[in-house]
Amino acid sequence: MRVLLVDDHAEVRALVARALTRDGHAVACVATLAAARASLAEAPPEVVVLDLGLPDGSGIDQCRAWRAAGERVPVLMLTAQGAVAQRVEGLEAGADDYLAKPFALAELRARVRALGRRGPSGAVTSWRQGGVVLDLGARAARVDGVEVPLTAREWALLEFLATRAGRVVRRAEILEGVWGDDSPQASASLDVLAARVRRKLGATVLRTIRGEGYALGAGP
Amino acid sequence: MSGGATFVGRVARAMAAAAVLSAIASAALTSGIAWRAAVRDGDRRLDQAAQTLGVEVPAKLTDAEAAAHADDEQLEVAPAGLRIALFAGGRRLGGDASLDPSHARGCRDDRAWRRCSVGIAGGRVVEVAGPRGPLRAQASALAAASLLAALVAGFAGVALSGRVSSRIVRPLRRLRDDVAAVDVANPGASWPAVNDGHAEIDALRDAVGGMLSRLDAALAQSQRFAADAAHELRTPLGALRAELELAAEEPGTPPELRAAQHRATEQVRSLGLLVERLLILAAPDDALRASREAVALCEVVEESLAALGATPRVRTDLDEAAHVRGDAVLLRALVDNLVTNALKFAPDGEVTVRVAADPDAVTVRVEDHGPGFDASERERVFEAFYRSPQARAGGVRGHGLGLALVHRIAAAHGGRACVADVPRGACVVVTLPRWRPSA
Chain V
1 MRVLLVDDHA EVRALVARAL TRDGHAVACV ATLAAARASL AEAPPEVVVL
51 DLGLPDGSGI DQCRAWRAAG ERVPVLMLTA QGAVAQRVEG LEAGADDYLA
101 KPFALAELRA RVRALGRRGP SGAVTSWRQG GVVLDLGARA ARVDGVEVPL
151 TAREWALLEF LATRAGRVVR RAEILEGVWG DDSPQASASL DVLAARVRRK
201 LGATVLRTIR GEGYALGAGP
Chain E
1 MSGGATFVGR VARAMAAAAV LSAIASAALT SGIAWRAAVR DGDRRLDQAA
51 QTLGVEVPAK LTDAEAAAHA DDEQLEVAPA GLRIALFAGG RRLGGDASLD
101 PSHARGCRDD RAWRRCSVGI AGGRVVEVAG PRGPLRAQAS ALAAASLLAA
151 LVAGFAGVAL SGRVSSRIVR PLRRLRDDVA AVDVANPGAS WPAVNDGHAE
201 IDALRDAVGG MLSRLDAALA QSQRFAADAA HELRTPLGAL RAELELAAEE
251 PGTPPELRAA QHRATEQVRS LGLLVERLLI LAAPDDALRA SREAVALCEV
301 VEESLAALGA TPRVRTDLDE AAHVRGDAVL LRALVDNLVT NALKFAPDGE
351 VTVRVAADPD AVTVRVEDHG PGFDASERER VFEAFYRSPQ ARAGGVRGHG
401 LGLALVHRIA AAHGGRACVA DVPRGACVVV TLPRWRPSA
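Just so you know, the protein sequences line up as chains V and E, in that order.
Residue numbering for the first sequence follows the numbering used here, beginning at 1 and increasing consecutively.
Residue numbering for the second sequence follows the numbering used here, beginning at 1 and increasing consecutively.
Honestly, the hints are just simulated from the structure, not real lab data.
In this text, a Cβ means the ideal position worked out from N, Cα and C, and glycines have one as well.
A few of these clues could be false.
[Claimed, not checked] Reference excerpt, derived from the structure (chain E facing chain V, CB under 7 Å, subset only):
no., residue
1, Ala242
2, Glu276
3, Val329
[Claimed, not checked] Non-contacting residues of chain V with respect to chain E, defined by C-beta distances greater than 12 Å in every case (computed):
no., residue
4, Ala38
5, Ala41
6, Asp61
7, Val88
8, Glu92
9, Val124
10, Arg139
11, Thr163
12, Val168
13, Glu176
14, Ala188
15, Gly213
Generate coordinates for the entire structure from the input sequences, incorporating the hints supplied.
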């Protein structure tokens, strides 16, 4: 997978690049937004890892500009733990996920892997079945007109399945795309998460196909 | 107000003492003046009697004629209680037989009598005397009246002193209320810029206001310093941690080196967390306010416990319906701090984490069986850098930031953290507004 890493701290950049390279990714490292734009145009990456405070501007503004121009590469932003407003603004600007510093490299690798598996951002913007309406862009879920709270992880699962609507998605694939890791813990979490989504949106929203995986909707 | 001497009491006592003293002084002064006025009045009567005799006895009269006039005058004044006699050259001419001649002119006291000696025409001298008794009675009546009046004024002063003095200290009470209302986190801004209208009180208010502004500046400076220091440490710590994590993946590392790497990684990880905590505590309130994501507290607790690897000792009771609008990263930090705190301060025994929801609010309740909190420190435990005496004595490591962070994050979500009453151990309850559909 091609990863574009945008960070102005040389040491952090080198270390993150080393970790991602070990995972078999081809990593392009840049320190400025100008270099990031050039790299993106030259060799389109499958995931962008974006630090927010860069010498030539804000990563959030760049993300918004990319989305406005139709660029759909998944973006993972790196934010300070206390930077709540940045996270909110970043997601609204079209970033797909965030990671709060200080992070473990393992966590960063999992997020990059998951984003790469999910594919282009915003491929599906809404999904509907009966009284259930999912607005994936605004992250609002309604059941018979009443808004229902869904957590970030639940949205990640629903979005992953929605972009593969109609087809059965294998467990391993879901674990890779939502958790970025197919450990037994993640596997147990998937079943808990699926049960919660069913309780919130109704049993027919999520189909379990024994021995195969999950699918969104009541099926054919 | 606490017991002991009060300023109102002091002012009241001082006012009462002043009232009593001034009553006594005014009574003494009035009776003195009254006495002297009565004496002067009496002397005038005596002098008048002598002058009358003097008019009746011109120089040309013989001593015998003069003596006759003196005897007549004596008869005339006797009913008024006076005695009168006429002398010439120390020899009695006529009048009262018991009066002796005086050596000097003027009035003086002579035992029970007041007597005056007046020279008249022809070198003759009139001696006249009146009893002092009535004079004294009149003066004592006047003195008694003035004493009574003064005492009445004095008692009135004592009776009113309490009310008057509490009126006097009313501006001080207002000052006290304003000082009590000062916000510790924001001292200067919370000081009301009002004038009391009394020069002394206003000077005191200005002095307090000035002190609070200086405190503001010092507070801001120390916060800036902490934030700057933390900010500078963040990147090198991140790099150090990544370096250690990568090194841990290298194959063929001897086991003792691997263990050292692991310890170093843990230390660097907790240093990084400390830095982030300081930055969160130093961040302005509105930078932490978030209401976008729906966060399920049960999910946060599950993830936190999985990451802490502390499950055997922790019992959970989680309501899946407890959602809030907020920031998953901060709420995770909140739960991490509650749980690690409980595990740290109660080295053994069960730790219970309960997440519950009612129609408006959700609560996270973390309870342990450790030493608990003293009643006196229940408010202080949420202050930054506060460490309980037990924690210090017990050698529990920490910086006193965990619960301060919990409090800060709860407040940023429109909620609060408090210590609940439990028979044994400690119990911290965080209450947050429940998720609602957006309007």
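Interface hint check: Val329/E, Cβ to nearest Cβ on chain V, cutoff 7 Å. Holds or violated? This hint holds: Val329/E lies near chain V, its Cβ roughly 4 Å from the closest one there, short of 7 Å.
Agreement of hint Glu276/E with chain V interface, Cβ distance less than 7 Å: OK, holds: Glu276/E within 7 Å of chain V, min 4 Å.
Interface-negative label, Gly213/V against chain E, beta-carbon threshold 12 Å: At roughly 22 Å from the nearest Cβ of chain E, Gly213/V sits farther out than 12 Å, so the non-interface label holds.
A cut-off of 12 Å on Cβ-Cβ distance, and Ala38/V was said to be off the interface with chain E. Does that hold? holds, 25 Å
Would you say Thr163/V is clear of chain E, with no C-beta pair closer than or equal to 12 Å? Fine: 21 Å to the nearest Cβ keeps Thr163/V off the interface.
Consistency of the no-contact label for Val124/V, given chain E and a CB cut of 12 Å: Since the minimum Cβ distance to chain E is about 20 Å, Val124/V lies beyond 12 Å and the statement holds.
Separation of Glu92/V from chain E, once the least beta-carbon distance is taken, above 12 Å: Its Cβ does come within 12 Å of chain E, the nearest being 8 Å, so this is violated.
Can we confirm that no CB of chain E comes within 12 Å of the CB of Ala188/V? violated, 10 Å
May I ask you to check that Glu176/V keeps its beta-carbon over 12 Å from the closest beta-carbon of chain E? Non-interface label on Glu176/V holds, nearest chain E Cβ at 19 Å vs cutoff 12 Å.
Val168/V and chain E, when compared Cβ to Cβ, separated by more than 12 Å: holds, 26 Å
Distance rule for Asp61/V, whose beta carbon must clear each one in chain E by more than 12 Å: holds, 18 Å
Should the label of Ala41/V as a non-interface residue stand, given a Cβ cut-off of 12 Å to chain E? For Ala41/V, whose nearest Cβ neighbour in chain E is about 29 Å away, the distance exceeds 12 Å, so it holds.
The structure fails to meet hints 7, 8, 10 and 14 from the earlier list, while all remaining hints are met.
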